[in-house]
Amino acid sequence: MARVIRKHWKLLLLQAVFLGAVAGLIVWGTAHSSPSIAQSPPPESNEMDVATYTAVSRLRQELALTNADLAAMGCSQEDTQRLLSALVQWCETNKTTLKTKEVAIRQGRNQLRQLHRQINVGPRNERVIAEVQDLYAQLAQQVGDRRSFVEGAKAAVHAVATADQRSIHQAALANRGMPNRMRYVPDLTGEQVKAIRQAMSRRTTDSAAITSTIDQTLNLLQRSASDQALTNQRRNMPGVLAAEKNILPTPSESIDLDQIP
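Residues in the sequence shown are numbered from 88 upward in steps of one, following our numbering.
Note that these hints are calculated values from the structure, not bench results. Owing to the predicted nature of the structure, the values given are computational and were not obtained by experimental measurement. Keep in mind that a hint or two might mislead.
Derived DSS-like pairs (lysine-lysine); straight-line CA-CA distance at most 30 Å [stated by the list, open to error]: (1) Lys188 / Lys241; (2) Lys188 / Lys332; (3) Lys186 / Lys332.
All chains, please: the whole structure from these sequences, using the hints.
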């Protein structure tokens with residue numbers, strides 16, 4: 088046997104090398120084809136599409152659900168996530184209908200501008216004047232229809248809000264356009280609103296004077312409600328911001344402002 092090995096050692100060595108190479112190729116192929124170690128596909132992105140993000144952002148302004156409003160309502164991070172999720176879900180469900188209504192309003196306004204140009208250029212055209220009147224009525228109907236439709240978004244948010252949160256939110260809705268000190272005051276009377284607006288309209292009046300007028304105009308319960316809302320804002324804003332980041336991440340796709348009605 089030893090004599091055979093000495094005689095054919097080169098042939099045996101070549102066979103050993105060949106078998107080793109074959110075995111290596113088999114192991115390599117098995118490792119790269121085995122489904123047990125195949126790479127997992129990348130996780131699906133939960134990024135919100137631009138249309139929904141835009142609709143939600145616009146409705147938050149319209150429905151007094153900004154970060155400042157949510158914080159003033161006393162919303163914790165968990166509360167904010169719950170309320171914003173309800174708004175997002177409503178928008179995702181109704182964004183097609185909402186967009187249709189808003190496009191119709193935008194087209195009506197564009198048509199109205201064109202008719203006004205015709206009237207300004209002249210000569211006087213009774214038919215064009217009648218079209219303008221009809222278009223104003225149509226546009227008012229469309230705006231009212233959209234406003235009624237959007238009430239569904241507010242209802243969806245209120246369905247997951249507490250009674251206290253709904254109460255403060257109703258005040259914020261009623262007092263849109265008022266200073267932050269007045270925005271969350273319940274049961275403002277017409278006389279109170281008039282006094283505050285007059286103070287705000289005086290260009291020489293500084294913010295301290297406006298604050299003084301507000302404090303003099305509000306009764307004790309109203310001042311207490313306002314103070315509580317402002318305290319809520321300072322305490323809850325970090326949690327609100329964190330919730331917004333979780334629920335409404337900014338889309339990587341750019342937002343075309345020209346597409347916003």
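Verification of the supplied hints:
no., hint, result
1, Lys188 / Lys241, "holds, 17 Å"
2, Lys188 / Lys332, "holds, 29 Å"
3, Lys186 / Lys332, "holds, 25 Å"
In summary, the structure agrees with every hint in the numbered list given earlier.
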